[in-house]
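Quick note, the sequences are listed as chains A and B, same order. For what it's worth, the working numbering labels the leading residue of the first sequence as 57, then goes sequentially. For what it's worth, the working numbering labels the leading residue of the second sequence as 213, then goes sequentially.
The set of hints was computed from the structure by calculation and includes no laboratory data. These numbers come from a predicted model, not from an experiment.
30 Å max Cα-Cα, derived DSBU-like pairs, lysine-lysine: (1) B:Lys256 x A:Lys105; (2) A:Lys105 x A:Lys125; (3) B:Lys256 x B:Lys283; (4) A:Lys161 x B:Lys274; (5) A:Lys164 x B:Lys256; (6) B:Lys274 x B:Lys256; (7) A:Lys125 x B:Lys256; (8) A:Lys164 x A:Lys134; (9) B:Lys239 x A:Lys105; (10) B:Lys256 x A:Lys134; (11) A:Lys105 x B:Lys263; (12) B:Lys239 x B:Lys256; (13) B:Lys283 x B:Lys263; (14) A:Lys161 x A:Lys105; (15) A:Lys164 x A:Lys125; (16) A:Lys105 x A:Lys164; (17) A:Lys125 x A:Lys161; (18) B:Lys263 x B:Lys274; (19) A:Lys161 x B:Lys256.
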Amino acid sequence: AQSVTQLDSQVPVFEEAPVELRCNYSSSVSVYLFWYVQYPNQGLQLLLKYLSGSTLVESINGFEAEFNKSQTSFHLRKPSVHISDTAEYFCAVSGAGSYQLTFGKGTKLSVIP
Amino acid sequence: NAGVMQNPRHLVRRRGQEARLRCSPMKGHSHVYWYRQLPEEGLKFMVYLQKENIIDESGMPKERFSAEFPKEGPSILRIQQVVRGDSAAYFCASSPGGHNEQYFGPGTRLTVT
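Build the full structure now, drawing on both the sequences and the hints.
Laid out in structure tokens, this is it:
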């Protein structure tokens, strides 16, 4: 079984400042890792994923996350946030080859003008 | 290519009534997953279905909840005799195979009064 911990429930940050959203997981097997974003009253959109290979993965809108196996972490970062990044971000894990996603409780990112 | 569709988007039921939530997967996807999101919580896996088969219902409450994915038509999540604790957002996801990336719908927000 897997579990995901997102320590920060809310993160306020000023526009154009950097941000890091933390995600730690526990698992007894190899994992796939995901970040999803949820805008108000919308469904979840996949932001980026780690399946294998390079431990640093990037999204098309400037976010990146690094898989750190020794620290069991998959933190999400962006060097300069925009107002439009205001949303809730969910970290998720599945056992490699499994279909069942386990989600963290989410982090609400608020970008302040 | 239309995404995952869910309807209704909002559903209000009185205690004791039945709720039916529908999910149409993306074109070409034959695997459907249902997740529930309680307030201030992450998404929790409920059930995984393929056409005409329930593959894994380990996350489904033992009573009042059922799911189906018929040969023709959308997947249905059915909640009988709803109670206030069933109030949540219910998300459907689909994938082309059982170990592929899951695409989420916009969700159905169920309110039980």
